[in-house]
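Asker: Per UniProt numbering, residue 1 is the first one in the sequence shown, and the count goes up by one each step.
It should be emphasised that the hints constitute simulated quantities derived from the structure, not laboratory data.
Check before you lean on any hint, since a few could be wrong.
In silico lysine-lysine, DSS-like type, Cα no more than 30 Å apart, as pairs [as the list claims (entries may be wrong)]:
#1 Lys-57 / Lys-197
#2 Lys-212 / Lys-238
#3 Lys-212 / Lys-223
#4 Lys-223 / Lys-182
Simulated DEER-style distance windows between Cβ atoms [as the list claims (entries may be wrong)]:
#5 Pro-132 / Glu-71: 47 to 55 Å
#6 Ser-83 / Asp-284: 50 to 58 Å
#7 Lys-212 / Trp-67: 34 to 42 Å
#8 Met-85 / Arg-135: 21 to 29 Å
Glycine is no exception: its CB is placed at the ideal position from the N, C-alpha and C atoms.
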Amino acid sequence: MESFDIVIIGGGPAGLAAALAARRQGVERILILERDEVLGGILNQCIHNGFGLHTFKEELTGPEYAWRYIEQIQKEKILYRLSSMVVEIQTEGSRKTVTVMSRTRGMEQIQARTLILAMGCRERPRGALNVPGFRPAGIYTAGTAQRLVNMEGYMPGREIVILGSGDIGLIMARRMTLEGAKVKVVAEILPQSGGLKRNIVQCLEDYGIPLKLNHTVVDILGKEHIEGVTLARVDEAKTPIPGTEEFYSCDTLLLSVGLIPENELTREAGAEMDEKTGGPVVNDRLETTVPGMFACGNVLHVHDLVDHVSQEAEKAGEWAAQYLREIN
1 MESFDIVIIG
11 GGPAGLAAAL
21 AARRQGVERI
31 LILERDEVLG
41 GILNQCIHNG
51 FGLHTFKEEL
61 TGPEYAWRYI
71 EQIQKEKILY
81 RLSSMVVEIQ
91 TEGSRKTVTV
101 MSRTRGMEQI
111 QARTLILAMG
121 CRERPRGALN
131 VPGFRPAGIY
141 TAGTAQRLVN
151 MEGYMPGREI
161 VILGSGDIGL
171 IMARRMTLEG
181 AKVKVVAEIL
191 PQSGGLKRNI
201 VQCLEDYGIP
211 LKLNHTVVDI
221 LGKEHIEGVT
231 LARVDEAKTP
241 IPGTEEFYSC
251 DTLLLSVGLI
261 PENELTREAG
271 AEMDEKTGGP
281 VVNDRLETTV
291 PGMFACGNVL
301 HVHDLVDHVS
311 QEAEKAGEWA
321 AQYLREIN
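When you get a sec, could you build the whole thing from the sequences and use the hints?
Answerer: Now the structure itself:
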């Protein structure tokens, strides 16, 4: 069985920054496990600018920001394995065993003296929403649509309604407009948008896309494929108000209704969870209730800016290195 000082689960911005910080602290045997085919995580599909203002003092796109870190990872010769899915974490005393599956190596177990969790987060799907109607084709999470358009080269549709005003939804309103689609409306159930102010200005106001606050989808028309949605105003208890319904014909509904930290592995490893953040409970060293298992980035709590993810991950890498020195 292979053994490493630090095993990092996730090769996105958090995992890359944590690995580099640990290497700067003198840790030699570091392994990054990434389930995608490339390093960089979600940044690879975020081709818009606005990244790196804090970290690099210049404005970069998502892939450019990721590449700055990937270059350093390769320069430091930090070991990473792609298309490798971690399916289980077992913790016994100070030793941790990670079970990994990959096409090239099959199923294997790796021993780690320290673990850093950097799995990021996933989008809340339609199933988590109480929206009546059939289950037609044409309903996507905003992140799925972003990947289809930016990486796969497919357009989900031409007439778009977006539910939720999270940052990905706002950015996709602009992206779909630039690709020639008509974004009819962005509906938000809360009295204020969940996205950054700059995204509301640059993605909606600059393109004349209406934002309807205190509105939600109350019906979806279409059986095989979505044909339209009905929006209604909601009261303070988020209950639709009768008589305020408006119908919008569309062939695509994008959902931008929140992000959930990806913590199935964390729970199975026995870490205590925080109900408010959706991530594990950590101390001031970013260490979970499992000794020697650290968490950083969106797996810990959802961040607005990737620069903040990188800063937090660097601290996790430094504390993991400090933990190794203490147990030696």
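Asker: Are the hints correct? Go through all of them and say.
Answerer: To see whether the hints hold, each was checked on the structure:
1. Of the supplied pair hints, the one linking Lys-57 and Lys-197 holds, its CA atoms being roughly 20 Å apart against a limit of 30 Å.
2. For the proposed pair Lys-212 and Lys-238, the alpha carbon gap of about 14 Å is at most 30 Å, so the pair holds.
3. Taking the CA atoms of Lys-212 and Lys-223, the gap is near 26 Å; set against the 30 Å cutoff, the hint holds.
4. For a cut-off of 30 Å, the pair hint linking Lys-223 to Lys-182 stands: about 22 Å separates their Cα positions.
5. With their beta carbons about 50 Å apart, Pro-132 and Glu-71 fall inside the hinted range of 47 to 55 Å.
6. Checked against the hint of 50 to 58 Å, the C-beta distance between Ser-83 and Asp-284 comes to roughly 35 Å, which is inconsistent with it.
7. Range check, Lys-212 to Trp-67: Cβ separation about 38 Å, and the 34 to 42 Å hint holds.
8. Range check, Met-85 to Arg-135: about 28 Å between beta-carbon atoms, so the 21 to 29 Å window is met.
Hint check: a violation occurs at hint 6 only; the rest are consistent with the structure.
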